[in-house]
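Chains as they are written, first to last, in UniProt numbering: chain A, 1 to 203; chain B, 1 to 203.
You can trust all of the hints, since none of them are fake.
The list makes no distinction among identical chains, and a pair is therefore deemed to hold if it is satisfied within one copy or across any two copies.
Within a straight-line C-alpha distance of at most 16 angstroms, the following computed EDC-like cross-link-like pairs (lysine to aspartate or glutamate) qualify: (1) LYS60 <-> GLU35; (2) LYS120 <-> GLU31; (3) LYS60 <-> ASP49.
What the hints contain is simulated information worked out from the structure, not anything from laboratory work.
Quick caveat, the model's predicted, so the values are computed rather than measured.
Protein chains: 2
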Amino acid sequence: MSLPQIRRGRRSAGDHSREAILAAARKLFAEKGFEGTSLRQVAREAAVDPAMVHHFFKGKDELFASSVELPADPAEVLAGVEMMDPSVRAEAIVRAVLTLWEGPAQHGLVAFARGTIGSKAKSGMMREVVSRAILSRVMAGVSGPDEQVLLRGNLVASQTVGLILARYVIRLDPLASASQDDVVRLVAPTIQRYITGDLDSLK
Amino acid sequence: MSLPQIRRGRRSAGDHSREAILAAARKLFAEKGFEGTSLRQVAREAAVDPAMVHHFFKGKDELFASSVELPADPAEVLAGVEMMDPSVRAEAIVRAVLTLWEGPAQHGLVAFARGTIGSKAKSGMMREVVSRAILSRVMAGVSGPDEQVLLRGNLVASQTVGLILARYVIRLDPLASASQDDVVRLVAPTIQRYITGDLDSLK
DNA sequence: CTTTTAATTCATCACCTGGTGAATTAGTGG
DNA sequence: CCACTAATTCACCAGGTGATGAATTAAAAG
Chain A
1 MSLPQIRRGR RSAGDHSREA ILAAARKLFA EKGFEGTSLR QVAREAAVDP
51 AMVHHFFKGK DELFASSVEL PADPAEVLAG VEMMDPSVRA EAIVRAVLTL
101 WEGPAQHGLV AFARGTIGSK AKSGMMREVV SRAILSRVMA GVSGPDEQVL
151 LRGNLVASQT VGLILARYVI RLDPLASASQ DDVVRLVAPT IQRYITGDLD
201 SLK
Chain B
1 MSLPQIRRGR RSAGDHSREA ILAAARKLFA EKGFEGTSLR QVAREAAVDP
51 AMVHHFFKGK DELFASSVEL PADPAEVLAG VEMMDPSVRA EAIVRAVLTL
101 WEGPAQHGLV AFARGTIGSK AKSGMMREVV SRAILSRVMA GVSGPDEQVL
151 LRGNLVASQT VGLILARYVI RLDPLASASQ DDVVRLVAPT IQRYITGDLD
201 SLK
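Construct the complete structure from the given sequences, taking the supplied hints into account.
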């Protein structure tokens, strides 16, 4: 009695295992972080042989990078922001952030946050992304000494990262369930002060 | 020729392996997160047999909890804060946070942050600590409808968590290397606004 | 001094990890 | 139709994982 074996070889067209693997990876990395997720778990979640993961990606690191890298293009998300006058930029920034994080990229973004904060080795990745890809755009055209502009950027980042963490990762209520408009009204003034406000104590 | 074997049995007094294990655990959890750290690595770092870890702690979870739980007592740290008038509380809060995170508890705290943010399962722990142990004290005596006070507390948390992450975990410069006084002057106003300021849009 | 208790080491378990190489099958280009 | 390439499965490997139980030794308690 030959049991119905799983046939080897190429599937009949229409399968997209690669995408399934990426989706599964995003989901698991988002839930359990980088170290907490195994290739086999990913394969299982994607209903795929573990070896496929290696077929499509060189290893766990590349899988992480691919599944998580640019879950959204910063340039695109911040397109509008960059050319607004710095003095009224905050609201647009907060809105862009919220819209992005509430969209389809959420899984990938949370995965990125968890994986990247979870270990010293990967924190560098976060630092790079935040400062190069994001802050440079957010702070474009802000006047003042370089050092001061960098500090302002760091402060913007601190409030933004904190907001994201509280709302999407840690999920503090009622912040997590507040409306987008409320959040904008509540935190945009903080951001605006960091960008152009009088910080009165900057050496 | 009997090689000098490592003697079994109890060490001659003065050894404190338990403490060594906890210190090693704090260090490694801080660097590599919960999943990224193995019991054997901890044992190696502590120069101790792996089985000792099980002797002193039931398992990895208990080790994590013990090494990281209350790296500092919130009640103590926030002792002064609680009884200040809410309208001038912000500066004290920021100063307390910075002092705490720059003290000997830093390793444990970073470990807590990394381990706790790194996975969904452990995020609950962070939520509990933040809301019960910390926010309840920080927001003690603030007037207004419950829901609104909670929201204010969440906002305080968002800025505080963001500051900690940017300064101690991600290490964004120049924020990471700014003086304690500068940081206080820069972010205390934000916190103060969240505690007692006019948020003008609270439903 | 003797009994009890605690600290330490060792050998071992079953399992999971990331990774490799080959065999098998299907679609594709010529 | 045939050669080629890519997708898929399988059978492994060496090593690390958390965990357990027993043996050994010293300190503490009586």
